[in-house]
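Chemist: Each chain, written out:
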Amino acid sequence: MSRVALALGLGFLWLPILLLLGYAFSASPIPFQWGGFSLRWFAALAADERLLEAAWLSLRIAAGAASLATVLGGLVGWVLARQGAFRGRVLFGALAGAPLVLPEVVTGLSLLLAFVGLQALLGWPAERGAITVLLAHATLGAAYAAVVVQSRLSQLDRGLEEAAADLGATPAQVFRTITLPLIAPALAAAWLLAFTLSLDDVVVASFVSGPAGTTLPMLLFSRLRLGLTPEVNALGAAILALAGLALGLAAAMLHRSARHQGKAG
Amino acid sequence: MLRAIPFGWLLAFVAVPCLLLLAIAFSATAEGVPPFAWGRFSLEAWATLTEDSFYLEAFLRSLRVAFTTAALCLALAFPMALALARAPARWQPALVLAVLLPFWTGFLLRMAAWVGLLRDQGWLNGVLLGLGLVEEPLPMLYSTPAMLLGMVHAYLPFAVLPLYATLLRLDRGLEEAAADLGASAFTVFRTITLPLAAPGAAAAFLLVFIPAAGEYVVPEMLGPPEAQLVGRALWGAFFQDRDWPLACLLAVLLLAVLVLPIRLFQRLENRP
Numbered sequence: 001m002s003r004v005a006l007a008l009g010l011g012f013l014w015l016p017i018l019l020l021l022g023y024a025f026s027a028s029p030i031p032f033q034w035g036g037f038s039l040r041w042f043a044a045l046a047a048d049e050r051l052l053e054a055a056w057l058s059l060r061i062a063a064g065a066a067s068l069a070t071v072l073g074g075l076v077g078w079v080l081a082r083q084g085a086f087r088g089r090v091l092f093g094a095l096a097g098a099p100l101v102l103p104e105v106v107t108g109l110s111l112l113l114a115f116v117g118l119q120a121l122l123g124w125p126a127e128r129g130a131i132t133v134l135l136a137h138a139t140l141g142a143a144y145a146a147v148v149v150q151s152r153l154s155q156l157d158r159g160l161e162e163a164a165a166d167l168g169a170t171p172a173q174v175f176r177t178i179t180l181p182l183i184a185p186a187l188a189a190a191w192l193l194a195f196t197l198s199l200d201d202v203v204v205a206s207f208v209s210g211p212a213g214t215t216l217p218m219l220l221f222s223r224l225r226l227g228l229t230p231e232v233n234a235l236g237a238a239i240l241a242l243a244g245l246a247l248g249l250a251a252a253m254l255h256r257s258a259r260h261q262g263k264a265g
Numbered sequence: 001m002l003r004a005i006p007f008g009w010l011l012a013f014v015a016v017p018c019l020l021l022l023a024i025a026f027s028a029t030a031e032g033v034p035p036f037a038w039g040r041f042s043l044e045a046w047a048t049l050t051e052d053s054f055y056l057e058a059f060l061r062s063l064r065v066a067f068t069t070a071a072l073c074l075a076l077a078f079p080m081a082l083a084l085a086r087a088p089a090r091w092q093p094a095l096v097l098a099v100l101l102p103f104w105t106g107f108l109l110r111m112a113a114w115v116g117l118l119r120d121q122g123w124l125n126g127v128l129l130g131l132g133l134v135e136e137p138l139p140m141l142y143s144t145p146a147m148l149l150g151m152v153h154a155y156l157p158f159a160v161l162p163l164y165a166t167l168l169r170l171d172r173g174l175e176e177a178a179a180d181l182g183a184s185a186f187t188v189f190r191t192i193t194l195p196l197a198a199p200g201a202a203a204a205f206l207l208v209f210i211p212a213a214g215e216y217v218v219p220e221m222l223g224p225p226e227a228q229l230v231g232r233a234l235w236g237a238f239f240q241d242r243d244w245p246l247a248c249l250l251a252v253l254l255l256a257v258l259v260l261p262i263r264l265f266q267r268l269e270n271r272p
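The listed protein sequences correspond, in order, to chains R and Y. Everything in the first sequence is counted per my numbering, starting at 1 for the first residue and increasing by one. Everything in the second sequence is counted per my numbering, starting at 1 for the first residue and increasing by one.
Since the hints were derived computationally from the structure, they do not count as laboratory data.
Label-pair ranges, simulated between beta-carbon atoms:
(1) R:124 x Y:67: 37 to 45 angstroms
(2) Y:224 x R:181: 53 to 61 angstroms
(3) R:254 x Y:51: 52 to 60 angstroms
(4) R:36 x Y:60: 48 to 56 angstroms
(5) R:48 x Y:174: 52 to 60 angstroms
Over the 12 angstroms line for every Cβ pair with chain R, so calculated as not near, a few chain Y residues:
(6) 47
(7) 53
(8) 135
(9) 136
(10) 138
(11) 166
(12) 177
(13) 195
All C-beta atoms, glycine included, are put in the ideal place defined by N, C-alpha and C.
Throw the hints in and build the complete structure from the sequences for me.
Modeler: Structure below.
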């Protein structure tokens, strides 16, 4: 019974994606109509300078936001997992978890107000655009990164760090030679999560961005309001291929590190 | 020292922005950029909101849509998660990946695909016409069912994963004991599996309900024009009317409505 539901559920999740993939190779100018095999919409995609520009901007913002989010989220996760009671701990925990549960429109609007306030007080950031989107996505990503890092740190065997410290390693050495390698997979997962969150976001970016910072989802959303084109299917196919490739690489890396750890243990 | 950096960041980019929402919700509108007056107390936005029943209806509609979405997700996710947790261990990573991968294809692209499938000259109508099941295209897009379909498609993985994690931890010995003592498969499910999975099910429900209550993109792309949810009302107030205090007030009220579900979700998450 439940297997039927699983098959149905997976079918439901995959149906639009598989059709999108298939029709990306259709020559017809009407999306989701078969007009013979053709790569013309991929060629149209490759010639679409505005779209490529937006995609490049989105990739740079996502990479920057994910890196910042991993550092910040790592620190937040470390404070939550390793620092016992301190003044303001309840507030710290609540703030760290808030972006996970706030609706997107609320996050977007509230961050915009923060940037407007900063602008009025400090004159920085001078203009809203890529930088404000990056900071907003880093804030959002850090909340997710913190959860990943905190759970990894609390599973960690403290004995390893204590042994290194007993043998005379400085706290910095303990961190670099013991803690960091042990939490590296969690940090990589956190980075990847923050990266995809940033690439997929249209609502928060729409609020905090300015005229100079049109990300790929923002451009796509404004074009979809005007109507559907077969180019969108080609874009979907290209993104799916890239995501599949990245996922394959990540899986291979995980597999290798698991084997490596298996040998060491 | 190491605590000061993240704490400072959280105060600046989480705490202060939320306080600003509250402050500007009760500020006067003004000409210029930004279109409000810092520190000039006003109940303008509050008056707009209470005068027009549109906003109250938007809230009620949002809650109804979020509830329906979460209930549909739960109904579909529960048997899916059960099948995942009971599948042979070596298949599980691949099956979990199959649930997660659609998530990585881009939310907007998935919604665009639904537009292409559901519209009058779309794929589904082509199939129905081709099979002779209908005489003329069925109007499916821009309707409440289309919107719910899109919402469930967007949020289903959020419901499957926490349920899967809960069911995986469940002690199968309890179910076997009940079966050994003569309980039917249905009785085992009703008296053992369901109660033990209830906290996970509640978490899955809330994990869909909370973001769905503020959803903007799906109703905008797939829903009927009259499906004015809070997310759309807020977006309209901000981007079309440039009424920032009203948008802030709507955000504050949305948070006020969601405080209870959010607290409940956090308690379920932190349970031992």
